[in-house]
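Peer 1: Work out the full structure: start from the sequences and follow the hints.
There are 4 protein chains.
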Amino acid sequence: MHTCAHAYHPPAPPLQVAQWFNTPAPLTWQSLRGKVVVLHAFQMLCPGCVEHGIPQARRVHEAFDTGQVQVVGLHSVFEHHAVQGTPEALQAFIHEYRLHFPIALDAPSDGANPIPCTMQALALQGTPSLIVLDRLGRVRLHHFGRLDDLRLGVLLGQLIDEAAPAPASPPADGCDANGCPAP
Amino acid sequence: MHTCAHAYHPPAPPLQVAQWFNTPAPLTWQSLRGKVVVLHAFQMLCPGCVEHGIPQARRVHEAFDTGQVQVVGLHSVFEHHAVQGTPEALQAFIHEYRLHFPIALDAPSDGANPIPCTMQALALQGTPSLIVLDRLGRVRLHHFGRLDDLRLGVLLGQLIDEAAPAPASPPADGCDANGCPAP
Amino acid sequence: MHTCAHAYHPPAPPLQVAQWFNTPAPLTWQSLRGKVVVLHAFQMLCPGCVEHGIPQARRVHEAFDTGQVQVVGLHSVFEHHAVQGTPEALQAFIHEYRLHFPIALDAPSDGANPIPCTMQALALQGTPSLIVLDRLGRVRLHHFGRLDDLRLGVLLGQLIDEAAPAPASPPADGCDANGCPAP
Amino acid sequence: MHTCAHAYHPPAPPLQVAQWFNTPAPLTWQSLRGKVVVLHAFQMLCPGCVEHGIPQARRVHEAFDTGQVQVVGLHSVFEHHAVQGTPEALQAFIHEYRLHFPIALDAPSDGANPIPCTMQALALQGTPSLIVLDRLGRVRLHHFGRLDDLRLGVLLGQLIDEAAPAPASPPADGCDANGCPAP
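Chains as they are written, first to last, in this note's numbering: chain A, 1 to 183; chain B, 1 to 183; chain C, 1 to 183; chain D, 1 to 183.
By construction, these hints were calculated from the structure, which means they are not laboratory data.
C-beta: ideal position from N, C-alpha, C; glycine also.
Treat the hints with caution; some may be incorrect.
Unchecked claim - Sample of chain B residues lacking proximity to chain A, with all beta carbon distances greater than 10 Å (derived):
#, residue
1, P14
2, F21
3, W29
4, Q30
5, L32
6, Y97
7, R98
8, G111
9, A121
10, G126
11, V139
12, R146
13, G153
14, A164
Said to hold, decoys possible - Among chain D residues calculated to face chain A with C-beta under 8 Å, some are:
#, residue
15, C46
16, P47
17, V50
18, E62
19, H80
20, A82
21, V83
22, E88
23, A89
24, A92
25, F93
Claimed, not checked - Computed spacing ranges between beta-carbons, pair by pair:
#, chain 1, residue 1, chain 2, residue 2, range
26, D, P14, C, Q91, 51 to 61 Å
27, A, Q91, D, N113, 41 to 51 Å
28, B, G48, A, H95, 32 to 42 Å
Peer 2: This is the structure we're talking about:
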């Protein structure tokens, strides 16, 4: 007999960012530890992002104290790079759409790969995508396309009420809340 | 020194119902114990109810398993009684709007009071109103007017993750989770 | 060889009304001669009417001078008569939805026919329906279901620019703009 | 005594275009003579254009035969030139938003003026702007901001029913339908 393991919630891979906007200092998952994080991956020329994803990100940003829930935009350009891929293009978009939450320009890949680095690491299927991290920095939602406010709200309500992490102490034996990796 | 008490969440007063629709048997708070309950109080001739409250109730009903979240409609008629106050009127409305969750016709008051009984007991300010009960049958939201899906979702997410009640056993000393009443 | 006739635009059959609301005196097609008329047939318990038809009627009413375009509501109850068929029910609906244009309660049929009289005479397929009359009182649109504002606007623009009727003088030979009736 | 003049409807100034999209040959007002023309001036980073103006232009394009009503987009970039002012940027936008009507990139001004040439000539106040020309190529609407579909439809209905121009013959004395210019 054994006790069944909890669902596996992997930690989010590190953000790889060409440039940050709307934040005095670069953000890392580590610096956001203790908060629920809503990451909206978008492209400025993606109609579904402009119609649905960006307004939803704005509503979440306005509904919560940033000490509890932090919205982060991720501009993951995988097409029309020349047009929408520059920091200047993103800056103009942020200005015109009056966005006030932190936004990262996903780091372009080296070589011929059109998919930027964080988008690759997160295995995003496209834009808009929604990644939600719990207070421990673990991926709890990985969603491509539209998600309605009710379902997003339910998840946020659940994650807000989960315990914040205890003061960090390195696991003695390589195990953490997700289990113990094989050597 | 003392430990601060938790927020006081009173139990919901009993439903007083003239007639039930869409349910094989009358519902009581006791029969719903263990579920999160979303009670939508409305009037069929109230524009804000028809535009916002009823569609939201339908979305919640469709989003959740009824073992977890139970939507209940409450037709609390406090004006135009002759027109919208009868069971026949409510039945026609339910039919035309294709509503499938349980709906109660709030019991009319005796005498000259136009406010029906459950609306009085819940101290509703008008329609639409939204009352949310936790798994222990306690009132956790009491809202008059429109509430957006994101905020409603957050509350539902929090309440869904709260523990269901333990098997009932009468408190030995008159105390319950809300505290101890003075004798 | 011959010259093709113009499209046949029949005059609207007379309104048959149980009771008028929002008008000091009953309206007739004759009294509206010279104006473009937009007749919205609806039922207060018809979701498509409440969501689309009534708001559109309100927009048309607000967009035009009533000397040019007159909106008229027609409450054509063909189901749930006991609930929505009375003058009191219609009065309550008009009050709650704050409607300010003239509205007629379609005269109920004698006998067992559930379809009211004007609805029969106009051969309406259901609600919502939109009937548009030109300045000569002729039916120029007969539409069941939703019609978008752009297409409705185009028709109104065309009809507004058509000539108003000349001072009435009975045709010498029984002919009018629509042709000559057989004796 | 004299006959009062009709309203003055000036002919539209010539289009000045850096590049055309979605048309096999450049358009001119002359080539569109005989049609009603709806010119939507926009910028791809203007939220009101993306939310309202572009969807409206698409609806008009879909509602009419292009022999009667021709929609033309005009990308009049007066800010963020580096980002949205290039033909490549406009091409990407047209592709992502699946626009199928002819679109012109307004010719940039020489020198320091950020306002492009057609925007200057039409004295547009900003984006979105709506210019409607009658079948004679005269400006009949000059609107900055949002215009609802009902009002736009009314104007189009009126202009559609106006007579198309007679075969061109140069006025003998310099006069045209708008009057006679002083020598």
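Peer 1: Are the hints correct? Go through all of them and say.
Peer 2: How the hints compare with the structure:
1. For B:P14, the condition that its CB be more than 10 Å from all CB atoms of chain A holds, with the nearest at approximately 28 Å.
2. A cut-off of 10 Å between C-beta atoms confirms that B:F21 is not in contact with chain A; the least separation is 24 Å.
3. Every CB of chain A is more than 10 Å from the CB of B:W29 (nearest about 22 Å), matching its label as outside the interface.
4. Every Cβ of chain A is farther than 10 Å from the Cβ of B:Q30; the closest lies at roughly 25 Å, confirming the non-interface assignment.
5. Against chain A, the non-interface label of B:L32 holds: every CB pair exceeds 10 Å, the least being about 19 Å.
6. Once the 10 Å rule is applied to beta carbons, B:Y97 is consistent with being away from chain A; the minimum gap is 19 Å.
7. Every beta carbon of chain A lies more than 10 Å from that of B:R98, the smallest distance being close to 19 Å; the non-interface claim holds.
8. Listed as outside the interface, B:G111 is consistent with that label: its C-beta sits roughly 41 Å from the nearest C-beta of chain A, beyond the 10 Å cut-off.
9. Against the 10 Å criterion, B:A121 stays outside the reach of chain A, whose nearest CB is about 27 Å from its own CB.
10. Every C-beta of chain A lies more than 10 Å from that of B:G126, the closest at about 24 Å, which supports listing it as non-interface.
11. Every beta carbon of chain A lies more than 10 Å from that of B:V139, the smallest distance being close to 17 Å; the non-interface claim holds.
12. Non-interface call for B:R146 relative to chain A: holds, since the shortest CB-CB distance, roughly 13 Å, exceeds 10 Å.
13. The claim that B:G153 is not at the interface with chain A is violated, since a C-beta of that chain comes within 10 Å of its own (minimum 2 Å).
14. Remark: the non-interface label on B:A164 is consistent with the geometry, its nearest Cβ contact in chain A lying 15 Å away (cut-off 10 Å).
15. Here the hint on D:C46 is kept, as its CB sits about 7 Å from the closest CB of chain A, short of 8 Å.
16. Look at D:P47: its Cβ gets to within about 6 Å of chain A, closer than 8 Å, so that hint holds up.
17. The restraint placing D:V50 at the interface with chain A holds, with a minimum CB-CB distance near 6 Å, inside the 8 Å limit.
18. Given the 8 Å rule on beta carbons, the hint for D:E62 is violated: about 17 Å separates it from the nearest Cβ of chain A.
19. Using the Cβ-Cβ criterion of 8 Å, the hint placing D:H80 at the interface with chain A is satisfied: the shortest such distance is roughly 4 Å.
20. This hint holds: D:A82 has a C-beta 6 Å from the nearest C-beta of chain A, less than the 8 Å allowed.
21. Hint status for D:V83: holds, given a least beta-carbon distance of 4 Å to chain A, under 8 Å.
22. A least Cβ separation of about 6 Å between D:E88 and chain A falls short of the 8 Å threshold, and the interface hint therefore holds.
23. At its closest, the beta carbon of D:A89 sits 4 Å from a beta carbon of chain A; the interface hint therefore holds under the 8 Å criterion.
24. Annotation: D:A92 was flagged as interfacial toward chain A, and the flag holds, the nearest CB pair being 4 Å apart, inside 8 Å.
25. Among the interface hints, the one on D:F93 holds; its C-beta lies about 6 Å from the nearest C-beta in chain A, closer than the 8 Å criterion.
26. At roughly 59 Å, the beta-carbon separation of D:P14 and C:Q91 lies within the given 51 to 61 Å, and the hint holds.
27. Range check, A:Q91 to D:N113: about 23 Å between beta-carbon atoms, so the 41 to 51 Å window is missed.
28. Range check, B:G48 to A:H95: about 36 Å between beta-carbon atoms, so the 32 to 42 Å window is met.
When the structure is compared with the earlier hints, violations turn up for hints 13, 18 and 27 and for no others.
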